[in-house]
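**Student:** Chains as they are written, first to last, in numbering that gives the first Met the number 0: chain A, 0 to 270; chain B, 0 to 256.
To be clear, the hints were calculated from the coordinates, so they are not data collected in a lab. Be a bit skeptical, because a hint or two may be false.
[To be verified] Calculated pairs, DSS-like style, for lysine-lysine (alpha carbon to alpha carbon, straight line, at most 30 Å):
#1 Lys157/A <-> Lys113/B
#2 Lys100/A <-> Lys210/A
#3 Lys203/B <-> Lys218/B
#4 Lys210/A <-> Lys113/B
#5 Lys203/B <-> Lys100/A
#6 Lys157/A <-> Lys210/A
#7 Lys218/B <-> Lys100/A
#8 Lys100/A <-> Lys157/A
#9 Lys113/B <-> Lys203/B
[To be verified] Here are some chain B residues pointing at chain A (derived, C-beta under 7 Å):
#10 Pro102
#11 Ala104
#12 Arg108
#13 Glu114
#14 Leu151
#15 Gly156
#16 Gly198
#17 Leu201
#18 Val207
#19 Gln208
#20 Tyr214
#21 Phe240
#22 Ile241
#23 Thr242
#24 Val246
#25 His255
In this text the structure is predicted, and so the values were computed from the model without any measurement. C-beta: ideal position from N, C-alpha, C; glycine also.
One-letter residues, chain by chain:
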Amino acid sequence: MSVLDKLRLDGKTALVTGAGRGLGRAMALDLAEAGAAVVVASRTQSQIDETVDLIRAQGRRSLAVSVDITDSHSVNAMVEAGRAAFGQIDILVNNAGGATKGMFRPLDTIPDTHWQVGVDTNLSGAVYCCRALLPSMVEQGGGKIINITSGFGVRAAKNNYMYTAAKAGLINFTRALAMNYAEHNIQANLILPGIFPHDDPELIEFWRGGKFIPVGRVGQDAELGPACVFLASDMSNYMNGQMLALEGGGLAGGQAPCGFAPVVPLEEDSV
Amino acid sequence: MSLAAFSLADKNALVLGASSAIGRAAACALAETGADVAVGSTLATLRERAAVLSCRDAIQSQGRKSLAQTIDAANEADVQALVEQTISELGTLDILVNAHDLPFAKPLRDISSKEWRRVLEVNLTGVYFACRAAAEPMSAQHSGRIINIVSLLGERGMINGSAYCAAQGGVLNLTRALALEWARSGITVNAVGAGWTEGMGLLKDTAVQEQLRRYLPQKRLAQPSEVGEAAVYLASDMAGFITGQTVWIEGGALSHL
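Chain B extracted, bound-state conformation (with noise of 0.2 Å):
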């Protein structure tokens, strides 16, 4: 094996939650590995559609192809044509990554259902749309990579949050139930699982990660570029028996007691 197999050259992806740390470097880390890379947003703000212009900037500059579009990935029509679009502009739609995050956290007597629904339906329902606009062409061709990025939070249990929680612990064994479903059609579907990251939503206040960076075990948090450049592992000709699996970044996090 030379390291030439893990290149993605000519292959296409789709990259959902681009604007995110984790999303934009997974985009980053497929496209510097010779794949295509289309992205989207999570939500459809005017900050998100800077950074999704911003990562396909940074794409395009590495010579690779892109385009960027910015979505509400809860909405269905948006991930629809968002998938076709990447086909029809690319050729092919070879890896989806799912990256959706919308932050959120709260005690649960104080989240009213208008969040709690918008949070499952973003983190977690919007996975749902986009895998199965992907699934389409990618068994078509019989060939496919799904990646959803989780967090600790798909894991583990965190005080304020619950919403948050289910929708990643969601995303997370949806990750499984599409592994098997789809294990004869040419499609992998596995998570990388996201320890504390630099950049992630949930991590806005620096008190909060300094706390962290003095309780985990490697002491410090993860860079996006290490999160992302997983997906690439993932998504590479070399992965092609791993199904349902979640390769988790996180410094020790997991083993701790």
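This is chain A alone, in the form it adopts within the complex (with noise of 0.2 Å):
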């Protein structure tokens, strides 16, 4: 087999939450793109209906299914929707996650239902997902995980708590994973996008087109799916409870400003 068919993800089924746009739309077409079917899954339904018409365009077969992540009783009538369509799911992209603004506040002013359906979100859904769906994965013989987390999963900001908690819980949680599922030849990795404004030129400017990052600019949808069909095909088999981020840099730095580049050359008599 030559590299790069082992990216090939022919006669596998690929399951995306959050998957009606941005990040998870992108994966989604990408890893139809390698030959998978791909079950696509989010709330809003209009949205997911038009990520399939884009995965059927391309050849592959597609079903959209509405899902709310915070309901593992969704969850699991996600994933039987799935199976009855498509024999088996091979591969798992937790994408679904977020936060609203309101959600950004001082810790004091964080009423319990905003924590509650913040961590539900962004932890707690990938759980129900990856519940539901790793006793049939072991059953066939093996799976992949994709766990999408964030900057905010390993660095924190102003007035972010609940989602920098959740996201940095996903983290882990995917390590366990990868410890008690590797016998079952299941990998389970995480993607750790940075910024990421969807050509939404509102996002763009908030972001300041990524003046401080250090590559200074912002990703580009089309850059982070190819990522997401290496963690989900063979070229990635022995990778497990890793990270991959693709996020322009700033996770080398973090500790000064970026562009911090002071010059001090050896004091002469030192040499």
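With the hints in hand, could you dock these two chains into one complex?
**Tutor:** If you want it as structure tokens, here you go:
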């Protein structure tokens, strides 16, 4: 098998949550491009219908399933619907998540409901999906879990509590999956996307075009799918519990502002 | 437990790189907690000679024994001789603090191989010489504390920081390797991770300091004493179950996305 053939996902089925738009859609489209049938899940029916149409236009099979990721019964039903349509699911991409603007607020003003909804959306939802799918992956003799975390899962920011805690939880949950399911030929890994404004001019403006990112730009949606295909494919079969960060270099620094570059010569008498 | 448990009375320490702000602060803090402290410079220069002599005087003015040597910390014989002198004059060597600091920052393509080697020799290889020399008497007495001072650049990158970052990262992982290697010899090996600190060689430029103050979560640099004092805890009998760890004194810098 040639190297690039290892990236092929022909005959596989992927389930992508939060696939109605943005990064989820980008990953779903690239998984399909690599040959997979894709179960496209999210809350909003019109958006997943659109993603499914795009995938079918590529000549791949696809199914839209509306799901409330915070409700485990709904998650179980989604997994059943996917299995009923495609026989088995080989690849799970836990991408659903996010936070509304109102969730970023001082700690002493966070209502219980914000915290719980946020953690349910960003952490529990992925746990429910894994719980629903892993037994059948074990039975099938293998599978791939790809969890989408965030820079906020490893570092912090002002008034960001719920999201940063939930995404950090997802990281170590992934390591726990890797530990427990390694012997079943199931690999669980993470993608850490940096800033991806999805060509939205307002968001690009908000993130100042990525001026504060070492490479000097924000991420393009099209850059994310290939990482997902890699982690879904046989090319990454010995990669487990790891994180692939697509973020333009911010995590290599962070202890000083972007562009921090002092020049300090050796003292002449010290050489 | 009483606070007396942290006392370093009857312990003897050697601080290398005591010519730097953090090394001096560590040496003084150890002395203040009761240790006798020998000090050595990082470089054998007149400026550093004045710095270690002043550090020695500060230790002695606290009523502790001290001695100072102006050594090149990258010179194996210098380091070995200072370890031997410390034991012969103070009696034992219980605590070694490696605060070696040869600051250097330049774009990689402008770094000569001579500069690269020098930065690695002083900041990394010098620490290896000191650890090796100290391990001999420490394992013989089945007790010892080695504390390596590293900076944020041991953990993160910086533009122009290549050589310095490589050396510091080396010290950080040397700490973990030796912690395991000597875990059953009674020697603990830990690091104190210094955040951006007043008086740091890399931060001579005041505009650079200002830029960092604005950026850091605590909106200020560390005082050398805050970094040096962490060495007291790691050196104390209270820290016997801690090895291979880094205690970061960084004002939140590593949490910053």
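**Student:** Now look at each hint and say whether the structure bears it out.
**Tutor:** Each hint, compared with the structure:
| no. | hint | result |
| --- | --- | --- |
| 1 | Lys157/A <-> Lys113/B | violated, 44 Å |
| 2 | Lys100/A <-> Lys210/A | holds, 22 Å |
| 3 | Lys203/B <-> Lys218/B | holds, 18 Å |
| 4 | Lys210/A <-> Lys113/B | violated, 35 Å |
| 5 | Lys203/B <-> Lys100/A | violated, 41 Å |
| 6 | Lys157/A <-> Lys210/A | holds, 19 Å |
| 7 | Lys218/B <-> Lys100/A | holds, 26 Å |
| 8 | Lys100/A <-> Lys157/A | holds, 13 Å |
| 9 | Lys113/B <-> Lys203/B | holds, 23 Å |
| 10 | Pro102 | holds, 5 Å |
| 11 | Ala104 | holds, 4 Å |
| 12 | Arg108 | violated, 13 Å |
| 13 | Glu114 | holds, 6 Å |
| 14 | Leu151 | holds, 4 Å |
| 15 | Gly156 | holds, 4 Å |
| 16 | Gly198 | violated, 14 Å |
| 17 | Leu201 | holds, 6 Å |
| 18 | Val207 | holds, 5 Å |
| 19 | Gln208 | violated, 10 Å |
| 20 | Tyr214 | holds, 5 Å |
| 21 | Phe240 | violated, 24 Å |
| 22 | Ile241 | violated, 23 Å |
| 23 | Thr242 | violated, 24 Å |
| 24 | Val246 | violated, 16 Å |
| 25 | His255 | holds, 5 Å |
Taken one by one, the earlier hints fail for this structure at numbers 1, 4, 5, 12, 16, 19, 21, 22, 23 and 24, listed in ascending order.
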